[in-house]
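Letter by letter, the chains look like this.
Protein chains: 2
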Amino acid sequence: MDTRPYIEKHKQRFIDELIELLKLPSVSADPHFKKEVLMTAGAVKINLEAAGCDTVEICDTPGFPIVYAEKIIDESLPTVLVYGHYDVQPPDPVDLWNSPPFEPVIQTTDIHPDGAIFARGACDDKGQMYMHVKALEVMIQNDSLPCNIKFMIEGEEEVGSVSLEWFLENNKEKLANDVILISDTGMISKEVPSITTGLRGMSYVEVEVEGPNRDLHSGLYGGAVANPINILSQMIASLHDENNHITIPGFYDKVEELSDEEREKMAEAPFDLEDYKKHIGIPEVHGEKGFTTNERNSIRPTLDVNGIWGGYTGEGAKTVIPSKAFAKISMRLVPNQDWREITDLFKTHFENIAPKSVKVKVKPHHGGQGYVTPIDGIEYQAADLAFQETFGKKPVPQRSGGSIPIVSLFEKYLSSKTVLMGFGLNSDAIHSPNEHFGIWNYLKGIETIPYFYKHFTKLYKEHKQ
Amino acid sequence: MDTRPYIEKHKQRFIDELIELLKLPSVSADPHFKKEVLMTAGAVKINLEAAGCDTVEICDTPGFPIVYAEKIIDESLPTVLVYGHYDVQPPDPVDLWNSPPFEPVIQTTDIHPDGAIFARGACDDKGQMYMHVKALEVMIQNDSLPCNIKFMIEGEEEVGSVSLEWFLENNKEKLANDVILISDTGMISKEVPSITTGLRGMSYVEVEVEGPNRDLHSGLYGGAVANPINILSQMIASLHDENNHITIPGFYDKVEELSDEEREKMAEAPFDLEDYKKHIGIPEVHGEKGFTTNERNSIRPTLDVNGIWGGYTGEGAKTVIPSKAFAKISMRLVPNQDWREITDLFKTHFENIAPKSVKVKVKPHHGGQGYVTPIDGIEYQAADLAFQETFGKKPVPQRSGGSIPIVSLFEKYLSSKTVLMGFGLNSDAIHSPNEHFGIWNYLKGIETIPYFYKHFTKLYKEHKQ
Chain Z
1 MDTRPYIEKH
11 KQRFIDELIE
21 LLKLPSVSAD
31 PHFKKEVLMT
41 AGAVKINLEA
51 AGCDTVEICD
61 TPGFPIVYAE
71 KIIDESLPTV
81 LVYGHYDVQP
91 PDPVDLWNSP
101 PFEPVIQTTD
111 IHPDGAIFAR
121 GACDDKGQMY
131 MHVKALEVMI
141 QNDSLPCNIK
151 FMIEGEEEVG
161 SVSLEWFLEN
171 NKEKLANDVI
181 LISDTGMISK
191 EVPSITTGLR
201 GMSYVEVEVE
211 GPNRDLHSGL
221 YGGAVANPIN
231 ILSQMIASLH
241 DENNHITIPG
251 FYDKVEELSD
261 EEREKMAEAP
271 FDLEDYKKHI
281 GIPEVHGEKG
291 FTTNERNSIR
301 PTLDVNGIWG
311 GYTGEGAKTV
321 IPSKAFAKIS
331 MRLVPNQDWR
341 EITDLFKTHF
351 ENIAPKSVKV
361 KVKPHHGGQG
371 YVTPIDGIEY
381 QAADLAFQET
391 FGKKPVPQRS
401 GGSIPIVSLF
411 EKYLSSKTVL
421 MGFGLNSDAI
431 HSPNEHFGIW
441 NYLKGIETIP
451 YFYKHFTKLY
461 KEHKQ
Chain Y
1 MDTRPYIEKH
11 KQRFIDELIE
21 LLKLPSVSAD
31 PHFKKEVLMT
41 AGAVKINLEA
51 AGCDTVEICD
61 TPGFPIVYAE
71 KIIDESLPTV
81 LVYGHYDVQP
91 PDPVDLWNSP
101 PFEPVIQTTD
111 IHPDGAIFAR
121 GACDDKGQMY
131 MHVKALEVMI
141 QNDSLPCNIK
151 FMIEGEEEVG
161 SVSLEWFLEN
171 NKEKLANDVI
181 LISDTGMISK
191 EVPSITTGLR
201 GMSYVEVEVE
211 GPNRDLHSGL
221 YGGAVANPIN
231 ILSQMIASLH
241 DENNHITIPG
251 FYDKVEELSD
261 EEREKMAEAP
271 FDLEDYKKHI
281 GIPEVHGEKG
291 FTTNERNSIR
301 PTLDVNGIWG
311 GYTGEGAKTV
321 IPSKAFAKIS
331 MRLVPNQDWR
341 EITDLFKTHF
351 ENIAPKSVKV
361 KVKPHHGGQG
371 YVTPIDGIEY
381 QAADLAFQET
391 FGKKPVPQRS
401 GGSIPIVSLF
411 EKYLSSKTVL
421 MGFGLNSDAI
431 HSPNEHFGIW
441 NYLKGIETIP
451 YFYKHFTKLY
461 KEHKQ
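These protein sequence lines map, in sequence, to chains Z and Y. Residues 1 to 465 in UniProt numbering are what the first sequence spells out, letter by letter. Residues 1 to 465 in UniProt numbering are what the second sequence spells out, letter by letter.
Derived by calculation from the structure, the hints in this document are not laboratory data. Hints may contain errors.
To be verified - Covered by chain Z, per the in silico footprint, the following chain Y stretches (three or more residues, Cβ under 8 Å):
#, segment
1, 44-55
2, 82-88
3, 110-123
What the hints assert, rightly or not - Heads up, simulated DSSO-like pairs for lysine-lysine below, C-alpha to C-alpha not over 30 Å straight-line:
#, chain 1, residue 1, chain 2, residue 2
4, Z, Lys289, Y, Lys347
5, Z, Lys412, Z, Lys45
6, Y, Lys277, Z, Lys363
7, Y, Lys361, Z, Lys278
8, Z, Lys277, Y, Lys361
9, Z, Lys277, Y, Lys363
10, Y, Lys458, Y, Lys278
11, Y, Lys393, Y, Lys363
12, Z, Lys356, Y, Lys278
13, Y, Lys363, Y, Lys35
14, Y, Lys289, Y, Lys254
15, Y, Lys277, Z, Lys277
16, Y, Lys174, Y, Lys356
17, Z, Lys359, Y, Lys278
18, Z, Lys277, Y, Lys359
19, Y, Lys278, Z, Lys347
20, Y, Lys190, Z, Lys278
21, Y, Lys289, Z, Lys356
22, Z, Lys278, Y, Lys278
23, Y, Lys289, Z, Lys347
24, Y, Lys347, Z, Lys278
25, Z, Lys289, Y, Lys356
26, Y, Lys278, Z, Lys289
27, Z, Lys359, Y, Lys412
28, Y, Lys278, Z, Lys363
29, Y, Lys190, Z, Lys361
30, Z, Lys359, Y, Lys277
31, Y, Lys458, Y, Lys190
32, Z, Lys356, Y, Lys444
33, Z, Lys278, Y, Lys356
34, Y, Lys174, Z, Lys277
35, Y, Lys444, Z, Lys361
36, Y, Lys356, Z, Lys361
37, Y, Lys361, Z, Lys289
38, Y, Lys174, Z, Lys347
The beta carbon of each residue, even a glycine, is placed where N, CA and C say it ideally should be.
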């Protein structure tokens, strides 16, 4: 089997179809885009039908719908469930984009000499999700589909997959599968394919500090009244100690400690600190004492303020003590840390450290568990072999700092293992202005995925005997 | 002389004229209101002419124009220069106003049973400035104007009177006077008239903390890269120690220390801490250890964050490490602290405490010196006697926490003393939503001001002999 000729012949159409999908601003976090999010679900349905699925339905949920599709060729063959999401992160700050976030353009970059598609969602996750739709088309047209395939494409991943648990619980039958395949992560580089074996969990909260019942003149009241911004700053500052350890009592209790061997193995992954700093333009890295940069953003939990606001932020000067100040705070968690427990620990601690002079509210937003996939299962081996077929080299297992909270939900409700075959790069600027996805990566994904099905089906059959 | 009959006869018109002036959104801080600010200068000119000034001119400056007017009745008589400003603070947060900030309405409140005018600028300073315009009318119509009067009404007070120094330097002749009279402060209560004898200076700066060259995914980079919001919070927090002393080296070096006698005298001013807390709805006061609430907001310097912003502040959640975070910070200064020197100390310190992992910018905004008026001069005595005539009791001298930076400029360029006769109340919510000015206070000001001219002229003549 060789997937390349068909892809070579149809690649321009594959690119054009993705570009059409990227024009839809499916921002799930912002109610103003509700209509566009729903339109995007419809577009995904049409594409799945065109690719050759037998059944495609838009399933209602308490939130945005989930697009479900299937191609069942033989009940006796294994079934792979492909997960992806059609919603995207908000595009702001929009003024930092070189081209409008929902008007895709193709530009070449040093890393992408063949060009990359610039648009919100290009990589995360429309581009990577659509690789699977096109991979299905390739297999059907080449008459090389070796197993059954189901698709579950949701529209709330960027807001914590709030309806997914409900959907899994109510559709176990329909979603029954032998393995779950996801492309929503990255690889180390175009030369170094990798398979993500670990993900961080997350707890996302919003906090409010209230002082006086109205904005006050900072001259008449300054110095005598607690300023909510100063207090919020002090409270945020106190969440890390001088070694950048998080100070929330109990926060580290369940954190998995890696053995020296494991840490040494991690350290073998190619990494150039100077390139890293240069690429994101920072004078110096910054993080938890006693851990390397790669450890800090993969095997260690974190606490980051994702947004802060309060007082006068317009042009010029306003001398005011605001009534309230706010922050959005997310904590990345590692396997064994329970996100609900961490959220409670945060809430209790944050309320405890508030001085008497203010009132504090903590509103839990959403969260998810961390996860580690075993590298000795047939699903990992199948992915490993697939990469070898198209990259000519063994992929490196890597821990990702990102979160795909639903992976542990899949294990809980569908008792399935998940394989994370990512084709994005760190430089793709996901969640940032100018997000893009290399055309080479996009086509390489479409080329590689069919080999996963081939090897998984083969290993599955051997395994069964 | 009795000013009341004329005021009683014309009070409705006095109120209507002020309401017209308040309809003009003269927000000097926001370039979008440039046209309206200029229109307001024109409206002030017309009102000064109508009140009976001989010469009225709109004087150009590098910024917004200054309205100058005069009524010279006899060169041998003393000349009083009235200062005020026709610009106002930005109205935001607009959604917290009970009525639109530039559509004045009259409502009664517990403190203002006769009603108060609600509008941005009602008290600060259009209402208090216009008292002087009407006081002139009263004296001219009653044929009781005892001296020469000049008016200097500027349009940049809320943005630091940026052009005023230039104007003073270039118009010393024209502005020559024997005393400067200002109503841009408050009194302790309707039952306790007071004269402001001290003002705090100010240094206003804007800071920027820059981390990565673009927003980053907080999962992929969280824990390994300095988050500008966390860093800014830590830097802000470190500006106060556990006793709420400001930690900037040299900050307190020139702070005037009051004697125990002076502090005891201050403590005699009527003040109810429970009422104070209840009125602004705070559970507890907060401030520098070792000082009372009244001391903290008058004789002690402060550092307040007036605005902070960075990262995602929209609806829902975005998991991002922003490239930059910003804050607007103002420091209230006491007499002897030089605002330029303090601004430099802040800049140096803030740059010094920045960790290597970020870049920091400090942009000085504006500032002004603190000031203390002697209470043994004839200008203070004249104000004291004026209050006695209309309130039937001796006013209390008080230090205000606010800043009128230009008072020290007047001393420098015009070698004049300034008298601060304020008729506003702390509850007037200046700089806040629902700013208002009591009709009783407005009319009481118009009634009282003519007595200042009467007594000042009398004392001036005695003094000359």
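Task: Hint numbers contradicted by this structure - done: Checked against the structure, the hints that fail are numbers 1, 2, 3, 10, 11, 15, 16, 20, 22, 26, 27, 29, 32, 34, 35, 36 and 38, while the rest are satisfied.
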